[in-house]
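**Student:** Each chain, letter by letter, is given below.
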Amino acid sequence: MHSLIPAAHVLLSSDASCKRALIAEMVDYLPAMDVDVVLNVIMAREQLGSTGIGHGVAIPHGRLQALKVPVLAFARHARGVDFDAIDDAPVHMIILLLVPDNDDRAHLELLAKLARSLQRKAFRDALMSADSALEVSNLFSEESMGSL
Amino acid sequence: MNVLILGAGEVGFHIAQRLSAEGNDVAVIDNDPLRLQRVSETMDVRTVLGHASHPSILEQAGAKNADLLIAATTNDETNMLACQIAHSLFKVTTKMARVREPDYMDYEGLLGRDDLPIDLVISPEREAAYSIVKRFQISSSVDVQEFADGKVRLIGIRIQPKSLLAGVSVKELGDVTEALRICITAHEHNKVWKVPCSSTVLLAGDSVYVALSSNDVDAFLALMGYERKTHTQRNVLITGGGNVGYVVAQQLESMGFSPKLIEFDRQRAEWLAEKLSKSVVICGDALDQQLLEEESIEKMDDFLALTNDDETNILGSLIAKKYNVPHIITLVNRAMYTDLVRQIGLNITISPRYTTASAILRHVRKGKILNMSTLGAGALEVLEAEALQTSRILNTPLAEIAFPKQTLIAAIVRKNQVIIPDGASMVQPGDHVIIVTRSKDLRAVEKLFEVNLEFF
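Going line by line, the protein sequences match chains A and B.
Just so we're aligned, residue 1 is where the first sequence starts under my numbering, counting upward by one.
Just so we're aligned, residue 1 is where the second sequence starts under my numbering, counting upward by one.
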């Protein structure tokens, strides 16, 4: 089953105290990524407008020159972290999306697809109640994102 | 945003106050319990007592979670070291430092991510000097602010009794200025500054800020009856040849002026005489009336009181006022004096604390907000923002946008074209928008420029 987010990129219970610390923690799960570079890109994008889309979900994203294909990571935060979200609610589910720096429309479609799935309560509930990284990863497979 | 401010002096205090009022999470470090007490009594911020560059103190103040560090202690080296530590140990994204000593800035290659990691270095003296010099660029009797790389200017003038603007309402403005497109962005009547609406009537004695294309400045000033005399012939007297006075004299020289400069310290005066070419450097006491008369103070067009002593500057300015010098600028460091000085009739004060704080605040808003400055003693803010794809302000006639009260778009800059908008104008992606609003509505205005999720 092909998933957008491999189990190795899933952080089941973060306890980071802020947006920045959370992103830094997620980058640790991505091999060969420079934390400083990613943080700069992501935080610069967040300054233009938060990617917290409500319902406790945020999809921070940005372009990285060194990338060939999109890289995703997922984190769950039980307490909730302040993300300046549009509904001002704390964020519990965070998907980090890093894409190559080109004009490919596919990035936008990927982002829209993630946002659409996360709009659905059933999908969010499944993410929050998943017991393992693998289970979360499986939820981000083609089949599951289409059905839930 | 989590902000860490080092130093609770005049600059740190002012920035902390502004940033915490805007809803940021602010922590202030200082090694003086009394100063910290003043901070915690005035605003809702965390305070940490200790040496600002010690890693343990920075950690205690929450450096790990800080998005922004502003090092504003009075010690250059502490500030620079703190930025390095915040970078190496705590990965703080943005770091700003106040650095007084010009020598540090004379060498390129000192700053950078792999060198000394400071994103912005601010010198209070230099900021103050520049804001003084800016007043000489057009005509020193008006206040001038520049936006969009100088394409748009905001000109502050007082409406004279016989001015064409006296008795005119904002909606009738077009009849007076004809082809000249201007926008009244701020209006002061009885010492209260407001953003005008179309029915506001401008009266003699009121002050206004007018936004217009820089190309139209000459035509506008001519229309208002300001003669643009070859103003480099103006007689300028500066008292105090410290860091501010020296930079001002230097800049004025490069603009063609030949100022007179009075400096108390003989050694410094000699140094100044050596460094400055067109200025006349006089060694003496800034308050010595006999000396001032010898230097024909009564013939001066401009008197700049720039010593590092507030009291000397205030008294000197009062003496100049007695001799009817038309344009007096008083350098005032201490916040508590600023209001007092206005009350005794010295209208133009420059405060390094204030200019430094606004320079820092301008950079805090990096991103959507490219530039900002204050009008009318802090009541109103002017912002320059870039309208990015997907932001809410785009493609809607301005009349249909729900702006906060007393908010107006003064100018839109599209590539090289300056548009003074009306209700039907629309903002397009990539435009730079000059917008004026009340300080308390800054956040709401910023929201109009926020991008959507889809913005990559």
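Watch out, some of these pointers could steer you wrong.
[What the hints assert, rightly or not] Facing chain B, from chain A, some residues (calculated, C-beta under 7 Å):
{"hint": "1", "residue": "S17"}
{"hint": "2", "residue": "A21"}
{"hint": "3", "residue": "G49"}
{"hint": "4", "residue": "T51"}
{"hint": "5", "residue": "I53"}
{"hint": "6", "residue": "L67"}
{"hint": "7", "residue": "V69"}
{"hint": "8", "residue": "F123"}
These aren't lab readings, by the way, just hints derived from the structure by calculation.
Glycine is no exception: its CB is placed at the ideal position from the N, C-alpha and C atoms.
**Student:** Now tell me, hint by hint, if it's right for this structure.
**Tutor:** Comparing the hints with the structure gives:
Nearest Cβ of chain B to the Cβ of S17/A: about 5 Å, under the 7 Å cut. The hint holds. The beta carbon of A21/A comes within 6 Å of a beta carbon in chain B, closer than 7 Å, and the hint placing it at the interface holds. Hint status for G49/A: holds, given a least beta-carbon distance of 4 Å to chain B, under 7 Å. A distance limit of 7 Å between C-beta atoms decides the matter here; for T51/A the minimum to chain B is near 6 Å, and the interface restraint holds.
Given the 7 Å rule on beta carbons, the hint for I53/A holds: about 6 Å separates it from the nearest Cβ of chain B. Residue-level restraint check for L67/A is violated (minimum Cβ-Cβ distance to chain B is 13 Å; threshold 7 Å). With a cut of 7 Å, the hint placing V69/A at the interface with chain B is violated, because the nearest CB-to-CB distance is about 15 Å. Hint status for F123/A relative to chain B: violated, with the closest Cβ pair at about 17 Å, above 7 Å.
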